[in-house]
Every structure is written in C-alpha cells, then in structure tokens.
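Undergrad: Chains E and D supply the protein sequences, listed in that same order. Quick note on numbering: my numbering labels position 554 of the first sequence as 1192, and the sequence is numbered without any gaps. Quick note on numbering: my numbering labels position 215 of the second sequence as 853, and the sequence is numbered without any gaps.
Take every hint as true, because none was put in to throw you off.
If several chains are the same, the list does not tell them apart, and a pair holds so long as it fits within one copy or across any two.
Derived lysine-lysine pairs resembling DSBU-like cross-links, with alpha carbons at most 35 Å apart:
1. K1097 x K1197
2. K1197 x K1343
3. K1332 x K1343
Hints listed in this document are in silico derivations from the structure and should not be mistaken for laboratory results.
Protein chains: 2
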Amino acid sequence: MNARKTAIVATILLVASAAMAQKQLTLENTVPGGYDFYEHHNHRARGLFVSNSDVFVRNETDGYHIGNITITRQQIDDALATSQKPSMSYVESWIDTETVWVYSSEAEAAYCINLKNNSVTDSITNIPPDATIDFAPDYHHAAVSIYPSLSVSGRSENRTIGNGGNGVVFGQSVHREEFGIEKGTFWSESGRLLAFYRMDESTVAEYPIVDITEREATAKPVRYPMAGETSHEVQICIYNTDNQNVTYLKTASPVNRYFTNIAWSPDDKFLLVAEINREQNHLWMNQYNADDGSLIKTIFEEENPEWVEPCTPAMFIDNSRFVWISERDGFKHLYLYDINTLKAKQLTHGNWCVTELYGFIAATGEVLFQANAEGYLTRDIYKVNLKGKMTRLSSGYGVHSARLGNAGTRYIDDYSAPDYAILSTLCNLADGKVIDTIRNVKNTYEGYTLPIFKTVSLKSADGRFDLCGRLILPADFDSTRTYPVIDYLYGGPHSQLVDASWLYGASTWKMYFAQQGYIIFTMDNRGTENRGVEYEHCIHRQLGKCEMEDQMVGINYLKSLPYVDTTRIGIHGWSFGGFMTINLMTTHNTVFKAGVAGGPVCDWQLYEVMYGERYMDTPQENPDGYAQNCVADKIGNLNGRLLVIHGDIDATVVWQNSLRLMQNAVTSDVMVDYAVYPQHEHNVIGHDRVHLFKRILRYFDDFLKP
Amino acid sequence: MNARKTAIVATILLVASAAMAQKQLTLENTVPGGYDFYEHHNHRARGLFVSNSDVFVRNETDGYHIGNITITRQQIDDALATSQKPSMSYVESWIDTETVWVYSSEAEAAYCINLKNNSVTDSITNIPPDATIDFAPDYHHAAVSIYPSLSVSGRSENRTIGNGGNGVVFGQSVHREEFGIEKGTFWSESGRLLAFYRMDESTVAEYPIVDITEREATAKPVRYPMAGETSHEVQICIYNTDNQNVTYLKTASPVNRYFTNIAWSPDDKFLLVAEINREQNHLWMNQYNADDGSLIKTIFEEENPEWVEPCTPAMFIDNSRFVWISERDGFKHLYLYDINTLKAKQLTHGNWCVTELYGFIAATGEVLFQANAEGYLTRDIYKVNLKGKMTRLSSGYGVHSARLGNAGTRYIDDYSAPDYAILSTLCNLADGKVIDTIRNVKNTYEGYTLPIFKTVSLKSADGRFDLCGRLILPADFDSTRTYPVIDYLYGGPHSQLVDASWLYGASTWKMYFAQQGYIIFTMDNRGTENRGVEYEHCIHRQLGKCEMEDQMVGINYLKSLPYVDTTRIGIHGWSFGGFMTINLMTTHNTVFKAGVAGGPVCDWQLYEVMYGERYMDTPQENPDGYAQNCVADKIGNLNGRLLVIHGDIDATVVWQNSLRLMQNAVTSDVMVDYAVYPQHEHNVIGHDRVHLFKRILRYFDDFLKP
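With the hints as extra help, turn the sequences into a complete structure.
TA: In structure tokens, the structure reads:
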C-alpha cells in the first residue's frame, strides 16, 4: 500500500442540498453533548442479536422490535409486576424471542422473564446498582465489582471472592486499559469458572486529583505509575462456582510483567494469557491449567525490536485451536494455532490489516473479520476459511462493520460512506446478500447547509507512504478569496481521523467551524494505525518527530493552495493532538498564528508506564528522546498565540502536564493562554462540550481570523 | 472628616522632567521583581538603632555607617575568624556601636562580637538556618521555631518546649495572621520568660495544596478553616528559662475564642491577652499571672454591634499602666489604662485615626504615634503626654512615619509626598527638629518620562464621605482625544491605595500602563481603613455592596470626563480587588468592556473563619449576605471580557474559589478567560511578577484598547 500514488490527487464531495431554504448548523447540533446533537447522530441501529439465534432485536423508542412483533417496555414491566417485582432498568439480554433477562436497580436483581406466560422464571439477587455487572453465559451467576472488591452473586447468595483495599483491587480492568484490556472479569463458556484480575497498586505513587465540589476541596488520589517509576503488579485468579475455591495462576513474577488478553478454552480446562515484559518487546503466549493454576506451556513467543502489542484475545475454534492476530509479517493478520502441535498457519496475507475479529462460524468453519484490504480509508467484511481462502462479503465503497448473530447464519452490516450517513442491513453470512434493511439515513443533516469536503493524497515526509488529508471548505467557498485554515490533528498511535465513512470521518463540529469561515484540514501522519508496522513503529523512542514531519507536509500543501492565507494557519488537537499542537508551534514557530491544545501531554515522563514506555522506553533508557519531545521544556520557543485547556480531574493526562508547561512559560517569558474545565476528566464531555468548542472557536476568532 | 467638601476638586501633579532626552519606563523597572526595579525603589534608608542609644546604624553596600565610622562586613567576619568562627549571615542587632550580635548559618549559632578587641564575647548555639529565630532581649536565649515544634536555645543547650505534630503546632503565628498577630513567641522584657502559642488544628479540614514540582505531583495539605466550619483551638504557654517549666494560661475554653495581642508587663509578673469571641463582637482584656497561668482579672471589655478588632498589643508605661488603641468612640484613639483602678483615660480625640503606635518616651512621659489628623491622605508624627496634650512633630504635607531610637531622644522621620520620593531624617523627639539627613531622593525615576497624576474628591454613594480618586494620565495626554481607562481597585478592609505619599501611593506599574495609552483610575471606597468606624463598618454582612456603590461613583465620574472613552472602561484588582472586579462586572454588566481579576474570593464560604466571619458572620447566620456577594454564582451575568488569574498553591484565597467560578461559568454558558501561575501563592512575586503584568497589559491590549 506504500507509495501507491505519486501525484497529489483531490476528490471533492458535495453533499447534495436542495434548492429550498437551508437550515444553518449550530454548535448545539454539531457538538456531542449539544441538546440538538443526537437528533442528527442516531446513526447505527440499536439492538442485540438474541442469544441462541440470528434474530436481531431492534431497540426503538416504542419498544423492542422482533421481526413483526413489538414488545413494549410496559409489557416487560407488567410481567415483572405479575410476580411482584419492581420495574426493570434495562434489558440485559434476549435469550430467545420470548425469554429475556432484565436488570432492576430497584430490586438490585436480574430477572429472567418468559413473555409468553408473563412469568419470572429465574433470578440473580444481590446486585447493587453502583456495581459493574458481568453475567455468566449461563446466567447462573454474575460477577459484581464494586471498587476495589469483587463478589459473585447467584440465585440467593453473594460471596466476596476478592476483598480489596490498601492499594489492592480485584475484578477491575488493569494496566490502564492498554493491550485491549477493557474489563477485569472473564467467565468461562460454561459459566462455571470466573477468571479475574487482582492488581496490587500499593507501591504506585498517588496522584492528587482534587475534588472542588466538596464543601472544602478534597484530595481524591489515584495510583498513577509514571514512565520509569514503580508500576503495579497484576495476578490472575480463578473462582470455581462449584466449590467456591479461588486459585491463583502460577505465573512468573508479576513485577514488571503485563498479563493481557485472557481467553478461556471452550471446555473450561485451560486459559491463555498473552504475557509481556516491561520493555514490551517480548510476548509469551502461556497456557495455564484452570484446575490448579499451573503453567502448562508457552505456546509461542513473539519479539519485535520496537514493541509487541496484542490487543485481541485468542479466539478458540475448538479445544485445541485458536485464531490469533499478529503483526509479525509487518501487517495485522490472522494466524491459526494448534495447541497440541504448536504449529501456526497464517490465514490472511497482504499489505493491509485485519481491523476487527468478529467470530468463528462453526457451521462453515470460517472466521468473520473486518479489514482494510480494499484501501486504507475503507473497511470491508470478510470471511476466511481455515485453509486461508478469503471471501469479501461487503460491497460498496466505504466503511463496513459487522455484528455477528449467535447462530452463525446472519450478521448486521453497518455501512457508511463519505456521502452516506448510515445503511444498516441484515445480511446472509453465506454470501453477504441483504435480507433486510434495518436503518437507512443518507444524510443526517438533511435540509442543512453543509460545507464542502475534499480529500488529498500526499507523500509522507520520508516519501514512502501515502497520507490522506481532508479539507472542509465553507459552503460558500470562493476560490478567489483567501481563508484562514485550522489543522485539526491527533497523530498518535491507535488513531485514524480520515476514512471513507460519513463525511470522511469528520466530527461534525468541524462543519460548524467551516461555516464560520475557516478551512479545516486533517491528515493522519505516520505512527497512526491500520497501516502496518513500518508506518506505525517509526515513532519509537521519538514520539512527535516523524509525526511532525508528516504534518508539515500537510501544512506545506496548504500553503501551496491559492485560497489559503499562509499568514493565518491555526492548529488544534486534544491529548496526543494537544501534544502535537504545542510541539509543532514550538518547533516550527513561525508557521502557526494561533493554536489550541487540549489535555496535552507536555512531558512524556508525566505519562503512564504502559503506553509511555511502549513508545518511548523509560526516561532512564531514553533521556534524549524524552528531552527532545518535552514540550514543557520547549515552550520558550513559542511565537504564536496558544491556548492550553485541561480538565482539572484528568486522570489520563494528569494536570501536572499543563501546569508544568505554564510554569516553564512564565520562566521563559512566554505568554500562554489557559483554560481549565473544572470537574472534567481527560475529555470535556456532556453539554459542557458545547462550551468547550465555543471557547475554541472564540480563540480562533480572536487571534487567527483577524 | 466627613463631607468636608461638596464640589469635585482636582489637583494635578506633574513630576518635573528635564527637557533632555527622557528614558522610557519598562515593566522591568516598574514591577517589583523586575531586574531593574530595585534601583528605583531603594526608598527608605536601611538600618537599625543600636539597642541602648539613639545612634542609627545605616546599612549600606560598603558596610555599616555609625556616625562617621564605617564598619565593613569583612571587619565583622575577621573578628569571627579570630575566634575560629565561620562568617556571619547577617547582623541581628547592634548592642552599642562596638558590640554587635550576628547570626551565622554555617555555625548554626549567634555570636556577640566586641569590635574593639575583635573578640567573640558570647554565643547562642543550636540555631539551624531553617528556623524562625526570636532572640530574648538579653540575648541569653533564642526561641527557635521549626514547624510544627518549638525549642529554646542558649549558651550550649537546646530544649524542646513544644513538640508539635498531628495537627498541633507550637510557637507559630495563629488565627491566620488576623488581629495583628505576626508571630508565635513573645519574650518578657527581662528575657527570663517566653510566652508562646500552641495551636491545635487537628479538627480543621485539610485543603489539598498540590506541589507539581515533585517527580509526581504531591498533595501538601494545609489546615484551612472555612467560614462557618470547625476552627482551630489556641492556647498560650509560658516557658520559664530559670526552671525549664512550661505553664499553660488558664483561659476560658479555647473553642471558638481568639487569643490576641499578647503583652508582657515590664516586671515579667503578668501578661495581657485581648480575647475575642468567635462572633468577634466582644473583647475581654484579660490579665494572667505569669507564675501559675491563672486569670487575675478582666481589665475591661469592649463590644460593638458589627465587630471589634484589636490589632496593636497593649503598650506598658510602667507596671500598672498601659496604652491601648480602641475605636470605641468611632475612631482609633489612644487610651491610658490603670490596671489597679481599672480606670481609662482617652488621650487623643477627633474625627481622625491613630495609625501607628511607636512607643513610650519614658524621660518625658510621652507617647509617640502616627495619625492622619491633618487629612486622610496624610500621615504625621505626634506625641501626646499622659494628660492628653498632643504635639505634632512632623511638618510638610505628605506621609511621615517614625522609627524610634531606644534611648528616647531621637527618631527617624521617613517622609514622602506626591512629588517627593523619600526624605529620611534623624530628628529630635523634643521638637521634631532635623539633626541629620539620612536619605534624600526627590524622584526615583529621574530622567524618565513619567505620566501625569491627578486626584479628585468625590462623594461616597451615601453622600456622607469624601472619597479620593487618583488618575494617572499618559505623559503625552491630549485632552481632545479619548482614552481607554482601567479602574484599578482593592476596596477591602485594612487598605488605602491613595494617599499623599510618593506618586499618591501608586505602584509604579500603573505608570507603565499609562505610558501604553491607558488612563489608570483608583479610588478607596467605604470599608477601607483609616476613616473611622462608620465608614469602615458599613460593609458588615454585605461585603461588596457599599464598596461597589462607591466604585460606581468613581466610574460615573470617569464617564463624565470628555477624554474618557465610555465604551472602553476596564477594571483590575487582586484578592479582594479580584472579588470586586468580578462583582462589578457581573452587577453592572454593561459598563466594563474588559477586566482582570487576580486571586479572587469567589464565594465567601470558601474564605477563612477569622477574616470571613468578622465581616460576614457565618454562612449559617447570614445566608443572604453570602449569596448576594457570591461572584461564583453571579458569573452568569457576565458580558465583558474577564481574565481570572490564580496561583495554584494559594493558601490564602484557595484555588477552589476561581475553579468553582470557572465551573459555574461553563454551566452558565459564559466565557471566562483564565491563567494559572504555577507554584505561586496568593501573590505572584519575584521576577514572575513582570510576566504577570505583561499578561495583564496584553489582556487589556487585546480586549480593551481596540
């Protein structure tokens, strides 16, 4: 996929608008959290497949649609009332079209309801509403996490299986949600065994998050391990619902080791754990005995000079085979492993990436997945059999993603394209043919004046890759005028801002900004995702360097455009994008007139161990790399107007980052504007987000536009 | 002094400038902390009277000037070296012209040096450099405070007399420096007894000040009692250097009681404590036995419907009489008390205030003090005998302050006037005649282009008082043009910004702002000091209300001036002035185009008990008063551009104030600009202050000037 094109090419997208009087975009209808936002953004059809068939239950305002039948929420509550139970809070799962598990916060219980005879047929009690609930597949038990402890509830009993405190937590997500870890409890397929995390954070420094909503502000510290400092220690335990025993996996020392991607074998006999050293350049795929926690064997190891980063647990085909995603050939591909022979077979090949793994279709022996094999802006749905024969199921240029039915015959294809907001269809797994249309909205802003979208292909600074830039031009764009431009960027790992989805993936506030007379430019640089190892790993030990080189390619392209005012180039980003904003403004300090950096990492030493050391190694190992990209220390180079924004309870990029930057700005006699969003974490969310974008726009209106 | 004038009158001050090429003011030479600032601001002659005579030892760069002799620092170090002692860190005290006590941090000791024979004649050891040191008058001991403990050092011993910890502190200033309290140790005149404070703060809520300079930010909590909440408890102890016993004063319960203004009788037999209830409307002047700590009697009580606030300890005349400052007749005056008869005699009278009490001249039986009897902008030095005969010693319109020699025959008069920077003279106590000129600098900015100073007298909003406003006009002022104006204000208790000192008391950065084309206006409103009880107490239970009414008198005056652009009125203040800035901008929200509020109290509930409840009572007692002046809640009314600035380790007006305001601004859909000065406390000091004023000026340049 590298260097596919050599000339700059531009595509123009004009979202069709009728000649009739058009409505105007507002921040309220283009910013998530705006009161009018969600009427334009109910994109994907909400709903669930039932547990033991491929019937899709759509969740609509008037109730649950199962084929032609609609089951109202009132019907479910009536069934509960018949059994003297309080109303439900939400539907947990459809077992079949007549049987549903619901949760009631009032009852602190889950109920199984037979809708045919309006009876409650089963229940799990002792589930308080402030808990994180993980139901066993057989609904005999639920894992109930209330930080820092974990218990298991069943028909009538509740048993604490991990009693946390003093820096020890049970049943929570670990390793700061890196390595694809999203939760801390893992039921075996039978529901008999529960694997769960135990994390000891007692030796990790406490960062003092301050809660100003108390009568007097109160410190609410979080354990935040900074790069190079002491990290937490994680262990994996197994609870046996039959005998109530807890067994610890007999792993290597948990000091400086990551335990990721837990996967149960279908027969409950063992589990796989992808273990990684603190340096993150060596992975051991270990098989543990579920009975006694002993290590059976290491199935394979993987090494990489920069890093290894598994993010998708092994998917079992049967009790002796699983599918694994690896980047070992330079791109994310599927591998079939045999646990007995330890042999691996690569199922997919090519200069493209597997982007999602949906599941295994037992009947046909095929794996369903998503990949960008048709082009890095697109996503399509594919299946591959265990011999490596791959079939594309989706059609139509754009982004397709799948939701797989449980019986293995059907799936939902959620599709969007640059000029098509959403088309959700129920499809046959056999051939991808559409069975039913679930949701179809071509333009979520029908009747509104929309800006003009353009894309452009540019060569990365090293000449090896094509980068895709997206321009949003004001609706009344006049090529004889010049416009101020804002480079909106992120640029960090695991991101792709421009793709072939609705409006080329642009978040809609950018359309509002364009309406105010700005050109909004965005381009994914090297280091972002879905482009293979070479493209992504060049950032190693020098976060910011290649990323900035590529962004400057974009800036130079903008400067070449006759309708861009080269004296009015602005820049804006959040998080890694905030870091990039400041880095670019201080490195190329005559280019940018104004910038806004939100929640920026200002010194990678202040970021956490898992993410930070993967890309940068430790500060002790890589002092130059840390120093060269420490924007807190580079702030003295600033010329343009810079607004830095931070949430005061940000526990991801801690406030110390921008405060340290502000302190250095004062020492360096440089002026940085600032805004704090009190009681917001890493992102300003909810309706306050409208205020945030009002502020960002006002800043550009004050200092970029004139 | 009230309503002395009815018409607006203006005086104009043009600081004479030669016709030669003038230098321009800079922030560096007009802002404290600027590298060029202090060459213009070495106003008052530095030095000390020797302990047992009226010889004034001037401290100059080349050494200590005693009459015609100069003693160099090297001479003192040579004397120390002769006795194998390390160099001194500073001179502590001149005993006579040949005997000096010095402190050496290297030796952690104080030495008495005879300069005649270059010998060390005495010493006190065990005084670490990080301690607060209070030497006994006889230099036999020193009280050595290292938070939270207190010890006493002598010739060779060091004894801990208060071992603090767990919220208990010994020997520190208490009650948050209110009631004139500046220290925590009080030697008796003989040096035999040491009174000291013990404060139990263990029940006071901890405010989490965060130190971002640590590798990982660290909470360093301070005990901060907020209005209406649990406060600390204070006791007074006496240490006897003869027998090493510590005796506690047997006071009433320390719960909700303030122990202020400790004063020793000359014979060491007893001490006086001005005790005040938490409501601060009742004072008991209590006499305690120094031997056993027992209460001997209450000498008098004072009550006031609003508040009583003693700030000057009793000054003993002899063992049975003392002078006390009280506002009981509506103005601060001197009262002579007889401890035996409990009778009081008012020594001074009139609609003016005693502003400083300098001492008692034993030889003539007179009290030396400062007052504003000639007009509220001026200060003069007076003496009054014990029959009430008052004599003015100083002459010349302006501000005089005295430093009294120890033998009671001479004093230094430090004088300045609007057009005279500093004239320090050594004067006779008998008649105020000048003996010698110590320092004489007419214009600290000689050779610089200075702006034009004007004053104006305005009637307070209630028509009862004259208020003095000060205008600073650009040097090239053109009355046919219009100018933007900035109201710089404070407005809180214990302040007077306009007086008859050098440049009418204006801090010099205002001259720099004027040079940039702004008119700077400042006016003291009702509630500020030195004007009597009626003027000052009108703020009770409604902080901000009268103050704003008066400031609006000033604003309306400005609007009446043909050269003021009424569409470009700005406002700036810090602390109480920050509160006033926001209060005015949200109450009169069409008047101010731009404002800058630093370290603002945004909700009096977030301010401390001692100051807050004196003026506002508790939030429980006065919910309406708190609500009406809670600018955090009024921020939704804002129209103009407002920049709020706060130091992140401010332990006076805690950060919660402006963070709460910012949170409410977001909720109210109002935009407030913000700046944080990391690792600064309530005031941005040091060289960073130059940056601060650069920011403030830039803000007005951005949003007021255009």
